[in-house]
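Student: Sequence:
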Amino acid sequence: MALPGEAGRMPEEMSPNDLEREIATTEETVQALRGALEQAEARLLTLRAAQRRRSKGDEVAGKSPSQKIHAQFGKFGNWLAKQSEILLQQAEAADEQEAALRRAAIQKKEDGAEAALRSEADFHSAQVVRQHVLKFLDSHAAEESSDHEGLFFRWLRDFHSEYDETWFEQNLMRIDLAFRQMFEAAVAEHQKQPGPSRSTAACPGPEKSKKRR
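Quick note: the sequence shown, position 62, residue 62 per the UniProt record's numbering, numbers continuous.
To be clear, the hints were calculated from the coordinates, so they are not data collected in a lab. All residues carry an ideal CB built from backbone N, CA and C; glycine is no exception. All clues stand as given, with none of them false.
30 Å max Cα-Cα, derived DSS-like pairs, lysine-lysine:
hint : residue 1 : residue 2
1    : Lys192    : Lys135
2    : Lys82     : Lys56
3    : Lys56     : Lys75
Simulated restraints, written as ranges between beta carbons of each label pair:
hint : residue 1 : residue 2 : range
4    : Asp176    : Arg21     : 47 to 55 Å
5    : Glu28     : Ala50     : 28 to 36 Å
6    : Arg103    : Leu80     : 31 to 39 Å
7    : Ala185    : His160    : 16 to 24 Å
8    : Leu80     : Arg102    : 27 to 35 Å
9    : Ala49     : Ala99     : 30 to 38 Å
10   : Arg130    : Asp164    : 19 to 27 Å
11   : Met10     : Ala49     : 43 to 51 Å
12   : Asp18     : Gln170    : 43 to 51 Å
Kindly generate the complete structure, drawing on both the sequences and the hints.
Tutor: Below is the structure:
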């Protein structure tokens, strides 16, 4: 007897809803197999009791048991024992399948939680970079439009100031790819912000020029 889901997808490929339905189906199969096994065992006990009663009745009457009846009971008993063994094996297989489905469902939930945590960590990391770039641009406003590329590399070096020059040069290509997009986004945001200090530093007013002269 084939078990539900044997020819279907692997548990890891199922959606949470499919897993729940498969678990419910497997639980029903387990219960049905257990019920069939209990009925078969009860039937076997009844037949053996009848055989014992027949043997005792024959002995009391002074007759030997019929070899034909014994052979029939023996064959049926062997068949019933075999069927009971098969049902037991199927019940065990269904139990294992149910356990595998439950493990897969739990793993999916854990994977989803882990992915959410990673996403949150990535978001916070991006926020740290964004704040650092904005602060750096505030102190280098005059260079923001005149030397954009040089400003990026100066910020990149400042952001990795805990490392020495050798490390920075060896990893420049990697960190350039990792941080350039976030830097560009922060620059675009910074340019949209009102910045009197930045405009003053970039374009000195007439009065300040007169004082210098």
